[in-house]
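*Asks:* Please build the complex by placing chain B on the supplied structure of chain A, with the hints as guidance.
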Amino acid sequence: MRRLFTYRDLLLTLIARELTVRYKRSSIGFLWTMLQPLLTMLVLHLVFSSIFRGQLENYPVFVLAGLMFWNFFSQSIISSMNSLRSNAALLKKLPVPQAIFPVATVIAGVVNFFLALIPLFGLLLVTGHHLGPSLFFLPVAIAIAAIFTLGAGLLLSPLAVFFYDVVEVVGVLMMLAMYATPIIYPMSILPERYRWFVRFNPLRSILEVFRDPIYYGKIPPLAHLSVALAVAVAAFVIGAWSFHRSADRIPFYV
Amino acid sequence: MPAVIQLDNVALRYRLARQRIPSFKEYAIHMLRGMLTYRELWALRDVSFSVERGEVVGIVGRNGAGKSTLLKVISGILKPTRGRVSVGGRVSPLLELGTGFDTELTGRENVFLNALLLGRSRRSVSERFDSIVDFAELGEFIDAPLRNYSSGMVARLGFAIATAWKPEVLILDEVLAVGDAAFQLKCHRRLQEVLQSGATVLMVSHMGKILIDECGRCLWLAEGRVVADGDPKSVLAQYEPVTPEPELARSGG
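First to last, the protein sequences are chains A and B. Mapping the first sequence onto the numbering used here, position 49 (from 1) lands on 73, and the numbers just tick up by one. Mapping the second sequence onto the numbering used here, position 32 (from 1) lands on 214, and the numbers just tick up by one.
With the rest of the complex left out, here is chain A:
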């Protein structure tokens, strides 16, 4: 951590590069960050809206909030794996703190997460959804999601250096995890015998802490909040510990 502070200007540069590289080639640049989840939401709305009618009102808001969380989580994980792998050759020649790459990726993801709030607020206005003070809680919810995601990124990114195909495997697992988390569907459509599985899914508690203030217009109850925070901190501690243990081995594997 202290070494990360010495390299803070490198960290800022990596974050800026992460943010710009993705959109450099497209003409509307940063707008894609905001447009992409909106378009996905539109597709899902066309497909699922009628199916969930009666169980969910204003499905677009429900699904957009879910997608924002999911995009942040899955893109941060995949990018932090790729960034550590693509910079691993550098780590063989320079004593750069290895964690700087996943950390930069997750921070860039947080910036994109905040940017994606703009189209979300637009959607809330357009659909006449309840706009309340609970929205001021969102930075806390995003911080919890970021702690969780950083932990998962630190845990998984060294694996991408050690094994070539692990990014592909994680990509598939991500898809599975997405369907095991109530992002595009409400819990209520699940048959009772499957609900326990989703209930114990740690991603769900993080997701709901973010989605409740938007969709239900309420600050999540303290019980939910403390579970989400505990899950996030546990993920971070496990991730940081395992990264610390495996980081020394990275230069040997390139």
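Rather than coming from a laboratory, the hints here were simulated on the basis of the structure. What you are looking at is a predicted structure, and each value in this text was computed from that prediction instead of being measured. Here a beta-carbon is modelled for each residue, glycine too, at the ideal position from N, C-alpha and C. A couple of the hints might just be wrong.
[To be verified] Below, simulated DSBU-like cross-link-like pairs (lysine-lysine); rule was C-alpha separation at most 30 Å, straight line: (1) B/Lys-261 to B/Lys-368; (2) B/Lys-348 to B/Lys-391; (3) B/Lys-348 to A/Lys-116; (4) B/Lys-368 to B/Lys-415; (5) B/Lys-391 to B/Lys-368; (6) B/Lys-348 to B/Lys-261; (7) B/Lys-368 to B/Lys-348; (8) B/Lys-391 to A/Lys-242; (9) A/Lys-116 to B/Lys-261.
[Stated by the list, open to error] Chain A residues, not near chain B, derived (Cβ > 10 Å throughout): (10) Thr-37; (11) His-69; (12) Pro-119; (13) Phe-138; (14) Ser-250; (15) Val-257.
*Replies:* Same frame as chain A, but now just chain B:
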């Protein structure tokens, strides 16, 4: 004089997999069958020495003797398998010319990127930018992409960045051999300046002349052990007769 670099019984093991295992699945299969065997290679065995502040120490040895590994251990890139390494002061490693350079970026962008990778701040790069370009003699080439540079230009730029901060510990792996005579003279002068500011220098070179000119002390590394340590002339006199042919290849060992 206090020791700036201190190595106590340092050993480093590379584990080379006998078979290439690129995938997680194969790893699991091999592990279950107990086939996960490695060929162990001790690149360093029981290396102990200390370097005092202000010393310029040269390291010689044949390819594969562990020279580059030793520099990486001292730079903090590789953690030794056994033993202790302590370095008092900021290390500026220049292990390979062009490390951390992105050939698609311009020289200017690379100066910043490279210095940041060495843990410098953006502001301190700006302050030294002109003197770096000056030393590297790049002129208006500084705004051309690095892929258009000659190897001499890349060498000058890399050396200029590594030495622009008056490093406390400067580590050079075979980098002085690249340029022409004028570049070597310049590097020699820069090294003298760096030394006057109290730096300690460790360098690997295959060129006896450079070692005799620059170093006050020389280590001979063979099969991961220090076999001679002393005055460059006498160490080289022991080393050169046992080296069968003049080493033309400049790859670090």
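*Asks:* Let me make sure I understand: some of the numbered hints might not hold for this structure. Which ones are they, in numerical order?
*Replies:* As far as the earlier hints go, 1, 8, 10 and 12 are violated by this structure, in ascending order.
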